[in-house]
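Protein chains in written order, with my numbering: chain E, 1 to 113; chain S, 1 to 111.
What the hints contain is simulated information worked out from the structure, not anything from laboratory work.
Here the structure is a predicted model, which means the values were calculated and not measured.
Beta carbons: idealized from backbone N, C-alpha and C, even for Gly.
Any given hint could be a false lead.
[Unchecked claim] Below, a sample of chain E positions facing chain S; criterion: calculated Cβ distance under 8 angstroms:
1) 10
2) 33
3) 39
4) 45
5) 48
6) 52
7) 83
8) 101
9) 102
10) 105
11) 106
12) 107
13) 113
Okay, here's what each chain looks like letter by letter:
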Amino acid sequence: DGGITQSPKYLFRKEGQNVTLSCEQNLNHDAMYWYRQDPGQGLRLIYYSQIVNDFQKGDIAEGYSVSREKKESFPLTVTSAQKNPTAFYLCATSLAGFRNTIYFGEGSWLTVV
Amino acid sequence: DAKTTQPNSMESNEEEPVHLPCNHSTISGTDYIHWYRQLPSQGPEYVIHGLTSNVNNRMASLAIAEDRKSSTLILHRATLRDAAVYYCILRDRSNTGKLIFGQGTTLQVKP
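This is chain E alone, in the form it adopts within the complex:
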């Protein structure tokens, strides 16, 4: 099936650990995005990428890192520098350009224990 796959759905992290959230798409979309959502709040943009091997910081990039080595994949690493990482993380994709619809994955819950 075509779509966006995020994994894992639920992840627990110990303080001081880095964790990586996976986002894979087979929609042949150029642009990919990572958003963070805290309970009861709207989505905030972490990083986005419009093309392979290129990405830009969003509004809350501190404590996060990404890579875009393949068109299909845009993993997000939550580093130990991110002081409040507990949140719902959403990956999204779209064709290039602002006229196109953005499609979201099902999200990943990250909890620090």
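Let chain E serve as the given structure and place chain S on it in line with the hints.
For chain S alone, kept in the frame of chain E given last:
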């Protein structure tokens, strides 16, 4: 980035029409107006988008004011499954195309 303003919450009765307002007084000429909705613990779902003219699809209608400073999402017959947070978003007109989310409107549908 241009901002949008929506009411925090609205209520509707099942099978009645719902009009969800959005103000975007700083909209630019090439900003598209997008609407998404989100159920708890799920990713947002695209609903509809438009530029100047009113738009219809199988999910909803979008009415855009003539001066484009406001718009209204119309659900013609609300169902319990329409209970969600609805986001009105101006799509970034630069090449990045990223979405900037506000707080959205939480729609409650009463049976």
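Hint check, residue 83 of chain E versus chain S [nearest Cβ-Cβ separation less than 8 angstroms]: Residue 83 of chain E check fails; min Cβ-Cβ to chain S is 22 angstroms, beyond 8 angstroms.
Please verify that hint: residue 33 of chain E, Cβ, nearest Cβ of chain S, below 8 angstroms or not. holds, 6 angstroms
Residue 45 of chain E was flagged as interface toward chain S. Is the shortest Cβ-Cβ separation under 8 angstroms? holds, 6 angstroms
Restraint satisfaction for residue 106 of chain E [CB to CB of chain S, less than 8 angstroms]: holds, 6 angstroms
Would the hint on residue 102 of chain E be counted as holding, given a Cβ-Cβ threshold of 8 angstroms to chain S? holds, 6 angstroms
With a cut-off of 8 angstroms on the beta carbons, see whether residue 107 of chain E makes it to chain S. holds, 5 angstroms
Hint residue 105 of chain E vs chain S: min CB-CB distance below 8 angstroms? With a minimum Cβ separation of about 5 angstroms from chain S (threshold 8 angstroms), the hint on residue 105 of chain E holds.
Quick one, is the residue 113 of chain E hint okay against chain S at 8 angstroms, beta carbons? violated, 19 angstroms
Given hint residue 52 of chain E near chain S, where the shortest CB pair must fall under 8 angstroms: violated, 16 angstroms
Close enough to count: is the Cβ of residue 48 of chain E nearer than 8 angstroms to one in chain S? holds, 5 angstroms
Double-check residue 39 of chain E for me: the hint is only fine if its C-beta lies closer than 8 angstroms to a C-beta in chain S. Violated, about 10 angstroms.
Interface hint status, residue 101 of chain E versus chain S (Cβ within 8 angstroms): Interface hint status for residue 101 of chain E: holds (5 angstroms vs cutoff 8 angstroms).
Violation of the numbered hints given earlier is confined to hints 1, 3, 6, 7 and 13; the remaining hints are satisfied by the structure.
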